[in-house]
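Trainee: Model the full assembly from the supplied sequences, consistent with the hints where possible.
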Amino acid sequence: MKILLYSMNFTPELAGIGKYSGEMAQWLHAQGHDVRVIASPPFFPRWAVFEGYSAWTYRKSDWNGITVWRAPTWVPKQPRTLARMGHLFSFMLSSMPLLFAQMRWKPDLVFVVEPPLFCAPAVLLFSKMLGVKSWLHIQDYEVDAAFGLGWVRGERVKRFALSAEHWLLSRFDRVSTISTAMIEKAKSKGIDDSRLVLFPNWVDVKAIHPSASHAPHAPGLATGYRLEMNIPADAVVVLYAGSLGSKQGIELLADAARLLVCSHNIHFVFCGNGPSREPLMAACIRLGNVHFLDLQPADRLNELLGTADIHVLPQRADAADLVMPSKLGGMLASGRAVIVTAHAGTELSNVVSGRGVVVEPGDAAALADAIEQLAMSPQTRDVMGTAGRRFAEAELDQDTILRRLEQELLRCVAG
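What the sequence shown shows, in the working numbering, is residues 1 to 415, in sequence order.
Heads up, simulated DSBU-like pairs for lysine-lysine below, C-alpha to C-alpha not over 30 Å straight-line:
| id | residue 1 | residue 2 |
| --- | --- | --- |
| 1 | Lys-19 | Lys-60 |
| 2 | Lys-187 | Lys-133 |
| 3 | Lys-133 | Lys-189 |
| 4 | Lys-189 | Lys-128 |
| 5 | Lys-106 | Lys-128 |
| 6 | Lys-185 | Lys-133 |
| 7 | Lys-19 | Lys-106 |
| 8 | Lys-77 | Lys-60 |
| 9 | Lys-77 | Lys-327 |
| 10 | Lys-106 | Lys-60 |
| 11 | Lys-206 | Lys-327 |
| 12 | Lys-106 | Lys-2 |
| 13 | Lys-19 | Lys-189 |
| 14 | Lys-158 | Lys-77 |
| 15 | Lys-189 | Lys-327 |
| 16 | Lys-185 | Lys-19 |
| 17 | Lys-158 | Lys-185 |
| 18 | Lys-128 | Lys-185 |
| 19 | Lys-133 | Lys-2 |
| 20 | Lys-19 | Lys-327 |
| 21 | Lys-19 | Lys-206 |
| 22 | Lys-2 | Lys-206 |
| 23 | Lys-106 | Lys-133 |
| 24 | Lys-327 | Lys-185 |
| 25 | Lys-60 | Lys-128 |
| 26 | Lys-133 | Lys-60 |
| 27 | Lys-2 | Lys-60 |
| 28 | Lys-187 | Lys-2 |
| 29 | Lys-187 | Lys-128 |
| 30 | Lys-19 | Lys-133 |
| 31 | Lys-2 | Lys-19 |
| 32 | Lys-327 | Lys-187 |
| 33 | Lys-189 | Lys-158 |
| 34 | Lys-2 | Lys-128 |
| 35 | Lys-19 | Lys-77 |
| 36 | Lys-19 | Lys-187 |
| 37 | Lys-158 | Lys-187 |
| 38 | Lys-158 | Lys-128 |
Hints in this document: simulated from the structure, not taken from any laboratory.
Mentor: So, in structure tokens, the structure goes:
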């Protein structure tokens with residue numbers, strides 16, 4: 001089967017959407033499928049094109065036997081609303097020649113990842129011209145998120161955007177997304193159940209596993225990241241590792257750290273890059289219990305996640321069930337307790353309940369209290385971490401999820 005993967009973010013060496021695209025392409029290639037990729041130069045989450053790539057030129061490369069085309073893409077330093085839209089629009093325009101250049105190759109299926117939805121019209125036209133199958137995978141409902149988070153305003157604009165989204169979604173042969181709540185959202189947008197596929201984010205449970213690199217309730221010599229950041233071996237480390245963007249409600253972490261600044265045995269580590277990093281650093285400038293790390297290489301991800309005693313995952317209330325944070329799988333697979341901010345009844349809350357602690361979004365005092373309670377109870381952390389690991393092994397295993405996807409892809413092409 002020939003599969004054209006049209007994914008703006010394709011950064012196999014980093015965590016996040018770009019890594020999932022890379023792992024999916026590599027897995028399908030290993031099964032004997034012919035996979036090609038169209039992407040932008042890697043830029044996320046730093047919002048700066050990576051060293052060795054160019055924002056202004058086309059580039060073709062071979063990555064583990066997979067042909068990857070990079071389209072020129074404008075990357076703004078500050079991804080505010082208009083700049084973000086211009087950024088997505090630039091990729092749509094520059095990538096179209098690469099898309100239509102594949103007409104001679106004639107893939108069996110075009111698999112496009114949203115965001116950005118801007119690329120959907122060209123994919124539908126391409127698929128119609130060649131008579132091949134089209135598949136839209138939704139990582140984020142970017143239209144709903146844009147209005148829910150206040151990036152775009154106006155009822156007329158909203159009605160037009162939702163109408164255009166419905167028109168596009170209804171014309172794909174398959175529409176997949178990453179959680180049952182997001183599947184229900186697709187149904188509410190008028191997508192027929194027969195064309196919907198649940199395709200959750202996965203975790204490599206062999207690569208991410210419980211680490212015994214430190215004994216958090218016993219004194220000793222610090223190692224690894226603790227040694228690098230001068231954190232005592234017996235301290236309780238609260239870790240947030242991921243993009244530092246506006247959907248995360250990241251400012252809540254600074255408030256919680258401030259409330260716990262006198263709890264000398266609790267240290268916060270914020271690892272990642274993004275537009276909210278500088279404001280977060282400014283808010284924590286006088287907090288001696290807070291440490292910052294840049295985005296870390298993939299080969300140290302398991303070590304990083306294992307440094308934590310408690311993972312924290314803040315999420316803004318107005319983004320609930322519009323996204324399912326991809327970083328959650330790694331947190332659960334690491335065998336550490338997790339605290340998330342989510343309303344009861346959301347899918348994020350349902351997944352974490354029994355395997356961690358759920359607090360209301362925006363409540364820094366409740367978050368600080370949950371952290372303090374878990375910090376004082378290593379046994380509770382161990383129980384929650386074990387439950388999270390079991391869930392990751394049973395429900396989020398990479399090979400199991402990608403085998404199901406392969407069957408759906410074959411069924412779509414045959415149908």
